[in-house]
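Start from the sequences and build out the full structure, keeping to the hints where you can.
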Amino acid sequence: MTKEDLIAALNSDISDEFARAIQYINHASLITGARFSATQKELLVHATEEMQHATTLADQVAFLGGRPTTGVAPVQTSDDPEEMLRQDLAGEKGAVARYKQRIRAAMEIGEFGLARILQDVLVMEEEHVKDLETALGL
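Taking this note's numbering as reference, the numbering of the sequence shown is continuous, increasing by one, and the terminal residue is 138.
It should be emphasised that the hints constitute simulated quantities derived from the structure, not laboratory data. Only a predicted model underlies this, so the values are computations on that prediction, with no experimental measurement involved. We put the beta carbon where it would ideally sit given N, CA and C, even for glycine. No false leads were slipped in.
Simulated restraints on C-beta separations:
| id | residue 1 | residue 2 | range |
| --- | --- | --- | --- |
| 1 | Leu-138 | Ala-62 | 36 to 42 Å |
| 2 | Lys-41 | Leu-64 | 33 to 39 Å |
| 3 | Gly-71 | Glu-108 | 21 to 27 Å |
| 4 | Ala-34 | Lys-93 | 25 to 31 Å |
| 5 | Leu-138 | Gly-33 | 17 to 23 Å |
| 6 | Glu-4 | Thr-134 | 36 to 42 Å |
| 7 | Gly-94 | Leu-64 | 18 to 24 Å |
| 8 | Arg-35 | Val-123 | 24 to 30 Å |
Listed next, the in silico DSS-like pairs over lysine-lysine satisfying Cα-Cα at most 25 Å (straight line):
| id | residue 1 | residue 2 |
| --- | --- | --- |
| 9 | Lys-41 | Lys-130 |
| 10 | Lys-3 | Lys-100 |
| 11 | Lys-130 | Lys-93 |
| 12 | Lys-130 | Lys-100 |
| 13 | Lys-41 | Lys-93 |
Next up, the structure:
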């Protein structure tokens, strides 16, 4: 992967982070029932963390000489609380897989600082997976 390819991939990740933040806010607003009270609060925490990830990635894209995207990936919605959480979980699992790829790519082109920053993002995404699996009883 070239530096330009990595910039493009990171921009795609930024779009995904924007979408997940929007999706979390939407789901937190719509999820109902006493069973989901704590989950609703956690979704809002996740939304904030996704925006932090987007900011971190944008800074890295700019540092690498690229222009951070303002695009937003598709957002999934549902009327069913369990489906909302499954949508969120699928997004987080996808992010975990992508960040593992980005870390490897950054290491391959000698961007060790970027790889370290992406490792921090990966740890948070893995925590999101655990939170959502717990909420779903998995």
